[in-house]
Amino acid sequence: MILAAFFLLPLATGCLLLLWQPAARLSRRISLLVSGALVGEAFRIAANCGDGEVLSHTFGSWPPPFGIVFVVDRLGALFITLHALLLFVTLVALRPETHGENTVRRAHPLLMVATFGLFGAFMTGDLFNLFVMFEVVLVSSYLLIQVPGTERSLVSAMPMIVINTSASALFVAGLGLLYGIGGSLNIADLIQRIGGTPHGLRLAGLGMLVAAFATKAALVPLCFWMPATYPTLTAPVAALFAGIMTKLGVYSLLRISPLLAHEPVLLTVLLWLGGFSAILGVLAALSQYELRRLLSFHSVSQVGYVVLALGLHTVFGIAAAIFFALHHSLVKSTLYLVADELERSNGSRDLRQMDFRRPGNVVLATAFGIAAFALAGSPPLSGFFGKLAIFWASFESGEWTGLALLVVASIFTLASMLKIWGFAFQRRPVEEESVSTTPASTFRPTAVLMMSALIVVFSLAAGPIFRYGFEAAEQVLDVSDSSVVLLRGDR
Amino acid sequence: MIPVLAASVFLLLAAGVYLVLQTSLLRVALGLALVSHSVHLILLTSGRRGAVAPVLLPGAGTEGVTDPLPQAFVLTAIVIAMAMTVYLFAALAALAKRGERMEVEPVPDSDEARAPETVRAELEGKVTGP
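Sequences listed follow chains C and B, in order.
Using the working numbering, you'd call the opening residue of the first sequence number 1 and step up by one each time.
Using the working numbering, you'd call the opening residue of the second sequence number 1 and step up by one each time.
Quick caveat, the hints were computed from the structure, so don't treat them as lab data.
Since the model is a prediction, treat every value here as computed from it, not as a measurement.
We treat Cβ as the ideally placed atom computed from N, Cα and C, and that holds for glycine.
Any given hint might turn out to be false.
As the list claims (entries may be wrong) - Derived Cβ-Cβ restraints for the label pairs, each shown as a range:
1) I2(B) / W62(C): 28 to 36 Å
2) W400(C) / A6(B): 29 to 37 Å
3) R193(C) / A113(B): 35 to 43 Å
4) L11(B) / L33(C): 35 to 43 Å
5) L75(B) / C15(C): 36 to 44 Å
6) A12(C) / A15(B): 26 to 34 Å
7) L286(C) / S24(B): 53 to 61 Å
8) A23(C) / P106(B): 22 to 30 Å
9) A121(B) / Q426(C): 54 to 62 Å
10) P3(B) / G50(C): 49 to 57 Å
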């Protein structure tokens, strides 16, 4: 029962804010209170799931696989906690005095509804509800794109809408084929039934699902909606999206990975998609001058690492994928929040127009340094452990090509971070005069500092978190009867 | 029944893909609606293997009865597709209202063509748009 309350709370808050339309400050207080409660509850759920318990809620008490069942195991708990934390930081960063009263008032209800969709997606036990929750997230993100209300945001939204709607169509078609051969869409039930089904339809159905999720996760041939839209979003919302939206695709791929084991060719496809995304994403990032465009191409590259590890389909590979996904969410959100401060204080999205002499730049430079070193994978920070795990997993599986691609991509990652550093934080001898000297807007580093602290804590706790992720991977891949009974919810 | 449904899926999908590939955004929106409906038919078909009777009647047995679950799925999916179509049309209306052409155009990748004041106002959320 408490589980249902947990995921209905953001929906109720969203509806309340939408109908009531309170002043920006009050709306902010309510949202912060609710999201603080969600963070606390998410940590409690994660602690409960830690010892292998699976929380479940069956709607209307219909026994699964007939009724709708919501379950939270270790994997779900990790992503729920991640989203709750990111939502809280986003709400802290989204202030009426820095981003405008109207923006804040418009964004709050939509953020809450998107949270409802994301929690639903991380909890649901069946594929059809996963589709419904995807659509909830999509509709609220389509509306969040229009929050700035400019022509650029209107035009930039078009590719995202067309590509994602097509991906949703693929998702539905895949569901139709899988239901036709398996007779169930409950994930645990489908894992049991998929074994003896006809090969062609199974390959087609699962292939469509993989294509739909790869679009969500923004892998290379399907990624171009992301760099088009993220620069125009309200910056803190972009930070949240960069952290969690691609991870929704990754999470769905993780969930269906026991099904993919029946069609090994799809795993190979994921390996190659991951490797190419890792290298091409970072090369595309290097050539950008708009800060947030650069960062979003960079996400393509980092998600490539995750998907390559996922495509290995070993327990260690999946554990590495989970750990790296969490690490990347925190780090990329931090970089977007730093980008927000830089863009507002310089009055431009373009790196070439940024000035290192802005007040507060020392704080920003420190935060950026922590995040950039974590992203590049330097030893004391989380990126090092994540990359080490993924390299080791591909070494164990003998994926030498993938390993080589990732190592090269790593070097370019460092280069792209240096590019941002050089433009935004370093003294430039030429063009000193040409830099605009308009007064900087309000500098509010709270959210950035919170995220930096989170990265440090995440790095210090890398051992326990990796162990948690490893157990989550075992739980996901375990298709024996006992674990499936747990996922169905009838403990 | 299956061949008829399969043919309908093919026709709807072909027409939908053709429209999505046009340059007019209005046609793209209509095409996406057609594509959605073609996949709804796929979902519907998945519950109709050899089915002849529409509903499960008391005492009539389960022989040849349609699976009701895909019908529930399709209802949900239709509502979602309608919401997406409405959103697209609203976005197109907003474009038209601003005097923009409703055509597929390259996405702007920089603010170079825009005034610095506009960009600054946008970043600080001081734009009052739709």
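Results for each hint:
1. With their beta carbons about 30 Å apart, I2(B) and W62(C) fall inside the hinted range of 28 to 36 Å.
2. Distance hint check: the CB atoms of W400(C) and A6(B) are about 44 Å apart, inconsistent with the given range 29 to 37 Å.
3. About 56 Å separates the C-beta atoms of R193(C) and A113(B), a value inconsistent with the hinted range of 35 to 43 Å.
4. Against the hinted window of 35 to 43 Å, the Cβ-Cβ separation of L11(B) and L33(C) comes to about 53 Å, which falls outside the hint.
5. Judged by the Cβ atoms, the range 36 to 44 Å given for L75(B) and C15(C) is violated: they are separated by roughly 22 Å.
6. Between A12(C) and A15(B) the C-beta distance comes to about 41 Å, which lies outside the given range of 26 to 34 Å.
7. Separation of L286(C) from S24(B) is about 36 Å and departs from the stated range, judged on CB atoms against 53 to 61 Å.
8. At roughly 40 Å, the beta-carbon separation of A23(C) and P106(B) lies outside the given 22 to 30 Å, and the hint is violated.
9. The hinted window of 54 to 62 Å between A121(B) and Q426(C) is violated, with their beta carbons roughly 28 Å apart.
10. Checking the proposed 49 to 57 Å range against P3(B) and G50(C) shows it holds: the Cβ atoms sit about 53 Å from each other.
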